[in-house]
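4 protein chains.
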Amino acid sequence: MYCFDTKIRVRYGETDRMGYLYYGNYPEYFEVARTEMIRTLGMNYREMEDQGIILPVRSLYIDYQQPALYDEVLVVRSCLKSMPEVKLDIDYEILNERNLLLCRGNTVLVFVDAKTRKLRRAPEFFLEAVRAYF
Amino acid sequence: MYCFDTKIRVRYGETDRMGYLYYGNYPEYFEVARTEMIRTLGMNYREMEDQGIILPVRSLYIDYQQPALYDEVLVVRSCLKSMPEVKLDIDYEILNERNLLLCRGNTVLVFVDAKTRKLRRAPEFFLEAVRAYF
Amino acid sequence: MYCFDTKIRVRYGETDRMGYLYYGNYPEYFEVARTEMIRTLGMNYREMEDQGIILPVRSLYIDYQQPALYDEVLVVRSCLKSMPEVKLDIDYEILNERNLLLCRGNTVLVFVDAKTRKLRRAPEFFLEAVRAYF
Amino acid sequence: MYCFDTKIRVRYGETDRMGYLYYGNYPEYFEVARTEMIRTLGMNYREMEDQGIILPVRSLYIDYQQPALYDEVLVVRSCLKSMPEVKLDIDYEILNERNLLLCRGNTVLVFVDAKTRKLRRAPEFFLEAVRAYF
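Residue numbers (our numbering), protein chains in the order written: chain A, 1 to 134; chain B, 1001 to 1134; chain C, 2001 to 2134; chain D, 3001 to 3134.
It is worth saying that the hints were derived from the structure and are not from the lab.
You may find that some hints are simply not true.
As the list claims (entries may be wrong) - From chain D, some residues computed to sit far from chain A (all C-beta separations above 12 Å):
# : residue
1 : 3001
2 : 3003
3 : 3008
4 : 3010
5 : 3044
6 : 3059
7 : 3067
8 : 3082
9 : 3089
Said to hold, decoys possible - With the Cβ distance kept under 7 Å, some of the chain D side facing chain B (calculated, not the full set):
#  : residue
10 : 3009
11 : 3012
12 : 3013
13 : 3015
14 : 3019
15 : 3022
16 : 3024
17 : 3070
18 : 3072
C-beta: ideal position from N, C-alpha, C; glycine also.
Given the sequences, and given the hints that come with them, work out the whole structure.
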């Protein structure tokens, strides 16, 4: 398993009239967190796309437990659960400044050839980069 | 069961650099669809909030199958699955103009007292409105 | 001058903790309105992009006068002010259900060749479509 | 004058199908930048709201010059131009990693009493905090 913590401050425009972080903004927080996690592995999501590999999301799950509030600095923990042979299976937790668990989540992304739009295996450099953790 | 179809056209700002509807925008489409579903039952989500009942989302699930494209008019089908005694359990399907299934989803919302922020039962007028369908 | 009115209902996720439509969501409403205006002229923004012409925004102005509220159906009026030889100069007004003026705005978009990313003149079919109005 | 630089990385969900930061996401970047600027002055926008003062935006102007790209770390410079007696008049510039100017902008915010929703003067502690710079 490989985990990484990213900090994100809740923007005003991301709140809703309940005064909470809108439930629809959590997937973007997950995106930011996994992008940073991948960066710490020495890879770059943008470069991967430039090389013709895209990573569409296949499934998303979020279990909302406590609201996130405006201007709070949240910790978004993302954990790569297994060797990403054909998919990226990532678990998330969001904690607030008082270390309270706000939500758990999961996304599954697949490797797709940008031209053919067909499924493919993870590129070798990607597998190489994460091998040490599994 | 009670189902309702809402049409939503994909906005430019909702697409991403893959050219697809960004995965993080689907929850807002679900929100629009369930709001319209509730309206067809003779109720109004805004008025419910004005009466001191809020409906935070407790869980979200999305299974993405095909991408949604810019400017497409999507059908977002939302189905209330059971009597909403203490929660709203809603299934969703999104179909494109060629009737292709793009995704399936689910949200669970709970009834919360806006002042105390504690769980509560659905208001009687809400149960009354949906009783015929279950 | 050519004007067209588009109706947009304010989504929950578009509000902020003031309970208003977040100021940063107005540009997307303008985008929806001008896309529909262009459609009524017999053209399609998506097809224009598919033909290699993109229309990036060069400037945006918004004068916010009254807040827009959750669930209100707004009228977004967009008016093409002059022959779009090299740019689309569009004025906007947003009115609420009681016909109260909420804001005025303006955007200027330019025609750009998608490959070279250089400025270009409007395509002839575009000029043809709007000529009757100027 | 008082200026402050905030860094913001462009998220995937903030790009559009042109591959650029969507024009409608710039206002939120301005919001983040001015919030951080106010924080460096020893104040806190959230606390101000909790004390019953809200700061709705009255006008927005953006002059887009070059596109911002996915994953770039942008510098958003915000400059408070004058003593904020009754309004916050702020200029912005966004620069990319190669120090290229991407856009200029301006917002005017006004101080409003959250209860009465009427205009009011800036609170004394706010004026005190910025006096040294004007």
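Here's how the hints hold up against the structure:
{"no.": "1", "hint": "3001", "result": "holds, 24 Å"}
{"no.": "2", "hint": "3003", "result": "holds, 20 Å"}
{"no.": "3", "hint": "3008", "result": "violated, 10 Å"}
{"no.": "4", "hint": "3010", "result": "violated, 10 Å"}
{"no.": "5", "hint": "3044", "result": "violated, 7 Å"}
{"no.": "6", "hint": "3059", "result": "holds, 17 Å"}
{"no.": "7", "hint": "3067", "result": "holds, 14 Å"}
{"no.": "8", "hint": "3082", "result": "holds, 23 Å"}
{"no.": "9", "hint": "3089", "result": "holds, 19 Å"}
{"no.": "10", "hint": "3009", "result": "violated, 15 Å"}
{"no.": "11", "hint": "3012", "result": "holds, 6 Å"}
{"no.": "12", "hint": "3013", "result": "holds, 5 Å"}
{"no.": "13", "hint": "3015", "result": "holds, 4 Å"}
{"no.": "14", "hint": "3019", "result": "holds, 4 Å"}
{"no.": "15", "hint": "3022", "result": "holds, 5 Å"}
{"no.": "16", "hint": "3024", "result": "holds, 5 Å"}
{"no.": "17", "hint": "3070", "result": "holds, 6 Å"}
{"no.": "18", "hint": "3072", "result": "violated, 12 Å"}
The structure is inconsistent with the numbered hints 3, 4, 5, 10, 18, although it conforms to all the rest.
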